[in-house]
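**Q** Using this note's numbering, the first residue of the sequence shown is number 3, and each one after it goes up by one.
No wet-lab data here; the hints were simulated from the structure.
Below are the DSS-like pairs computed for lysine-lysine, each with C-alpha atoms no more than 25 Å apart in a straight line:
(1) 286 / 346
(2) 286 / 301
(3) 301 / 225
(4) 283 / 225
(5) 145 / 458
(6) 225 / 286
(7) 301 / 346
(8) 458 / 447
(9) 346 / 225
(10) 283 / 301
Just the calculated beta-carbon pair ranges, DEER-fashion:
(11) 97 / 45: 49 to 55 Å
(12) 193 / 127: 38 to 44 Å
(13) 123 / 339: 17 to 23 Å
(14) 284 / 193: 27 to 33 Å
Ideal Cβ placement from N, Cα and C applies to all residues, glycine included.
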Amino acid sequence: MRHSLNTNRRHLLKSGLGLAGAGLLGGTAPVFSAPAFGATGPAPGDIRLQPARKALVFIMLDGGNDSFNMLVPRDDRHYREYHNSRSNLALPQHSLLPLNNRSDQQGREFGLHPAMPEIQALFNQQKLAFIANIAPMIEPTTKQAMQNGSARLPLGLLSHADQFRHWQTSRPDARINQGWFGYFADALQPRRPDTQIPMNISLAGSNIMQNGILGSHYSITDKGSVGLIVNEEKTPLNQALLENFETLLNTDYGQDPFKQTYLSQTRQAQARHQTYRDATKSTKVNTYFSDSPLSQQLKMVARSIKSADRLNLQQQTYFLRYIGWDHHDELLNNHQRMLQVLSKALGEFQQSLDELGIADQVITFTGSDFGRTLTSNGNGTDHGWGGNTLVMGNAIQGGSIYGRYPSLTLGDANPLDAGDGVLIPTTATDQLYAELARWFGVADKDIHTLFPNLNKHSQTSLSQLI
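Please model the complete structure; the sequences and the hints are all you need to start from.
**A** Rendered as C-alpha cells:
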C-alpha cells in the first residue's frame with residue numbers, strides 16, 4: 003500500500019518502522035543490505051599508520067542536532083526559503099552571527115545561531131570549518147531511487163541506536179561492534195602491556211568507536227583516571243590502608259577462576275590508574291574552562307594530550323558524548339542553551355591547546371545521530387537524515403563550508419527533500435573520515451580497507467579540508 007509523504011513520523015518511529023522501513027517514500031519497500039550482525043572490520047595488520055604526534059577528538063552530539071538552525075543562510079533570498087520551511091522555528095534574520103566572506107555557488111551567505119560567538123570567532127580565524135549535509139550513507143541516492151525502492155539505505159534509517167552506531171563505525175550497511183578508532187589501536191598497539199594506557203581514551207564510558215578486534219579504550223572522567231588513592235601523608239592509618247590494599251591485590255585465588263579473573267582486572271585497572279595519574283598530575287592548564295561537564299571533560303583531554311610523552315603515546319583518540327539533542331519539543335529554548343555550552347567548550351578547548359603549544363597536533367570534530375526535519379512538528383522537529391557538522395583545529399583549512407549545503411525549500415521543488423523536510427545527504431561520513439584518517443597517518447592504500455564504502459562516493463571538496 004502506498005503511504006503518504008505526510009504520514010505521522012512519530013507514530014512510525016514508535017512502531018519501530020521508521021521512514022524507510024515503512025515504505026514511506028515509495029510504493030514498494032526500499033532495498034536494504036542484509037543486517038551483518040556478525041561482520042567485523044579489518045584484521046589486525048590490515049591497517050598501517052605512520053607514527054606521528056597527533057590526536058583526534060570526537061564529540062557526539064547525542065540525540066540528533068537540529069543543525070539547520072545552527073548554520074543558516076542569511077542573505078535575503080535564501081533566508082526567506084529557510085523561514086518558509088522552518089515556520090515558527092526560524093531564527094530572526096538579524097540575530098544570526100555573520101561568517102566572514104563566505105558565500106557558495108548559489109550566492110548564499112551564512113550565519114550562525116546567536117548562541118555561538120566562540121564558534122563564529124574560530125571560523126573567522128580559519129580554525130574551524132563546517133561540513134554541510136553529511137550523514138552515514140552506503141552509496142549516493144536520489145529521491146526517485148527512494149520512491150521506487152531501489153535505494154540502498156542505511157540500516158535503521160531514522161533510528162537513534164542505528165545511526166548512533168553508524169557514526170562510530172561508518173559502515174551503515176552492517177551492525178558491527180568495532181569502530182574506526184578501534185582499528186587504529188589494533189595497528190599501533192597490538193601487543194600493549196597491561197600497564198600501558200591505550201591510545202583510545204573515552205570520557206563517555208564504553209563505546210563502539212574505540213573498540214577494535216584486539217584493543218579497546220581507557221575510560222576516564224573530567225577529574226582523570228579512576229582507582230584507589232591512598233592519602234600520601236605518612237600516617238599509621240594511611241600506611242595500614244596501603245598495606246591492606248596491596249595484600250588484597252597480591253592474593254592468589256588459583257582455585258577460583260571467577261575471583262582470580264576479577265582480581266586480575268582490578269590489578270590491571272589500578273596499574274593503569276597509577277600510570278595515568280603519575281603522567282598527568284604535573285600538567286597544568288591555565289586557560290579558563292566553564293563549569294559545564296563538556297568544558298571540564300575537554301580540559302582533561304587537553305591535559306592528557308599534553309602528557310602524551312609521559313603516557314608513552316604518540317597518536318591518541320578521544321571520545322566524548324554531549325547528550326540531550328533529541329528536541330521533539332521546546333527546540334528553540336533547549337537548542338540555544340546547548341549550543342551555547344558547545345560553543346563555549348570548543349572555544350575554551352582550542353584556546354587551551356594554543357596555550358599548551360599543541361594546537362597543531364589536534365583535530366576536533368562533531369557528529370550527531372542524524373539531522374532533523376526542516377518542518378516543525380509544532381514546537382520541535384523530528385528525526386531526519388542529512389545535517390551539518392563541524393571540524394576544528396590549526397591543521398585544517400578553516401573558514402569554509404565544505405560539501406554542498408542543500409536547498410531548504412520543501413516538496414517537489416527540492417530534489418533532496420525525501421518528505422516532510424527530511425534531507426537526503428550529499429556527503430558521506432566516509433568522505434570526512436577518510437581525510438581525518440589520512441591526516442592521522444593512515445596510508446592511502448589502506449583507506450579503502452578502513453572505509454569499504456568510500457569508493458562508491460566521488461571525490462568532493464573535502465579533499466581541500468586538510
